[in-house]
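Visitor: Here are the chains, one letter per residue:
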Amino acid sequence: MRRRLKIALVGKPNSGKSSLFNYLTGLKQKVGNFPGITVDKRTGSCRLDEATDAEIIDLPGIYSLYPRTLDEKIVVETLTDRNGADYPDCIAIIADATNLKSCLLLLTQLVDLGLPVVLALNMMDVAARSELSLDVKKLALQLGLPVIMINARRGHGMDQLKRQLAGEVKPSEKKVFEAANGIHESLMEIQRHFNLATGYEAFQYLQQSDNMPFLKPDDRAFIREIAQRQNFFPYKYQGAETIQRYAFIQKVLDNVIIQSARKDWNGATTKLDRVLTHKVWGYVIFFVLLFLIFQSVFAFAQIPMDAIDRGFAGLSSFLSNRLPAGPLFELIHSGIVPGIGGIIIFIPQIAILFAFISLLEETGYMARVVFLMDKIMRKFGMSGRSVVPLISGMACAIPAIMATRTIENWKDRLITIFVTPLMSCSARLPVFAILVALIIPPERVFGLISLQGMALMGLYLLGFTAAMLSALLMKAIVRVREKSYFIMEMPAYRVPKWSNVGITIVEKTKAFVFEAGKVIIAVSIILWVLASYGPPDAMNGARQAVREATSGSGISEQAYENRVAAYKLEHSYAGAIGKWMEPVIKPLGFDWKIGIALITSFAAREVFVSTIATIYSLGSTDDNVTIKDRLKAEINPVTGGPRFTPAVGFSLLVFYTFAMQCMSTLAVVKRETKGWKWPFAQLIYMTGLAYASALLVYQVLA
Amino acid sequence: MKPGETAVISGFTDELLAAKLLEMGFLPGTVVHFNYSAPFGDPVCVNVSGYDLSLRLEEAATIILLN
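Read top to bottom, the protein sequences are chains A and B.
The opening position of the first sequence corresponds to residue 1 in the working numbering, with each subsequent residue numbered one higher.
The opening position of the second sequence corresponds to residue 1 in the working numbering, with each subsequent residue numbered one higher.
Zero decoy hints are in this set.
Derived DSS-like pairs (lysine-lysine); straight-line CA-CA distance at most 25 Å:
#1 LYS271/A x LYS2/B
#2 LYS475/A x LYS375/A
#3 LYS279/A x LYS2/B
#4 LYS138/A x LYS174/A
#5 LYS375/A x LYS2/B
#6 LYS137/A x LYS170/A
#7 LYS475/A x LYS677/A
#8 LYS174/A x LYS162/A
#9 LYS162/A x LYS41/A
On the chain B side, residues computed to face chain A include the following (Cβ under 7 Å):
#10 LEU27
#11 ALA38
#12 PHE40
#13 SER49
#14 GLY50
#15 LEU53
#16 SER54
#17 LEU55
Incomplete in silico selection of chain A near chain B, CB under 7 Å:
#18 SER64
#19 GLY239
#20 THR242
#21 PHE371
It should be emphasised that the hints constitute simulated quantities derived from the structure, not laboratory data.
Ideal Cβ placement from N, Cα and C applies to all residues, glycine included.
With these hints in hand, go ahead and build the complete structure from the sequences.
Guide: Following this line, the structure appears as structure tokens:
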């Protein structure tokens, strides 16, 4: 029988923790959730030796046991909940040898908790290059725990680390921190009551029982009662604790550092920073990079997207030849397959965008972007850290909203979540593309700049402006009393590690496919039902009615079938809703046909195009030119002129820019804000904004 | 402090923030080097305890320096 150990991987951000995790587990990892909260839990399995397997849990990067963000809270919970499913048998802490001091703070806290710890010392090569050398044996002796030198980028030292973890790791016998005399009694009381191994664990119970959801209400009351008796409040002893720990660390370092680093070891970083955070060049470089990224996203994604499109069209027709006709076939053919296709088609864009974002993070540039943008973003009620979610929002709001977890401050985070869906995501692009092609002539100004391209860019800018102005509005409305921190490490620039980039792409894409996927499929089935079923009389009479209307006109079989499909859609439940809501959308210049498209595209915007194709009897074509020509020819029965005038086109464009037509985003917002309040507010606000703006545009232009 | 200058930390004015600053290596008695500030003067980048950190001016203002 093989032994199975649980090993928790902890460490400071930027210390190479994810590289180490990837090395230990390879692709045998999975991302789940910690129970009850929405922090990603990365676990993976690893074979330590002949007789031992390990389940490795990658805990979020932290500086100390006192958490600042949502992600960090999970670390305290995992390491103090002895009965929890994730309570580790052993901890591997990774430390950056070039900056050992701040890494040891967390280590001494773990030692005081009485946990068995192995120290994996990373970046010894970088330290050596800057002439910093350490006496590792002495370090192990002074800390009372095993120290293994590794290189997480190249995978050196993995065997030694595995062997060490497989062997018996005893907790260090050192005691670094002694709580102040005044609270000694209280700590003993807590320690006895909960039967804890160390006084420091009791100290943690006293400090942050709020972050320990495993405690029962009466246990919490017990702690609160002690805290009150002691006149104790959090933070009171944290400063003193940290100073005491650093004093110990300094003593250790004085003994183990053989030769200290040259002051200018990161000279290249300083020089690069001078340019990259320059008040002119910094922004110029950032915007040029952004521009290049979006150019490549759309350029590179085109080929795989076309291939996916063809693949699903092929699958659809393959199915129609094989499966027996009937409602089940219709559901698969017109509901489920296009639903899945509608999700898969966005994978290339999302994967490419996240490749770039993770590249920027790996090199250390993202921290500079956060630094550059913080002051500006703060004016809009957000923080420098909101930049990444907002940029990601231009691919897809779902991973973008999940990326807001790095924002410590709840208000900043809420505002970022609220406005991110206003950034034009890739699902709006097919809608924009067809409408722009319809109302803007394909001309070029000065023979260079395409008018259509300009219009498209204008729409992105419109979305961005709306996002910023809404943030400003939210800043004035939302009142949260919470201190915001911005203390952030500026990591030295380095060459990205490609496997980390690869793993990020896979993770984000998976998040999109599964999060968005289940909602989109569920809603596309509901919408398919609405669009294919209606009052039986009208539906059964469809063929009859179309035959009568077209008799003698000598139209082809295909055109006849398309007419039938259009007739059915018109008389389906979706059609009925479209007609019923026509008075509401008439002031925007929309008729019931557009109304149907608005309803069906509620789940996902891109469905607009296929609905329009069906309703204008084009069959299931996705060919933009065909749809465009057909829309151009459509006559408005009231005016006798074309249906899609520029006013209607612009009104629709504006509507699609602002409207919250993405069930999956709402689902993610609900999950991240833990309630229906904010997704509802978002739905009402964005739909209201879309309606009002479209109304304004149409009334002014028409 | 101006960019390029160096000073010694003597204490903090905000107890709550102090806990966080201490964790990040802003210890009384250690040297901070003001590397540079972001455009518009805020936030700032400093070097302390051997690595670069960025923080907002209002946070930096809670650090008392020894002159």
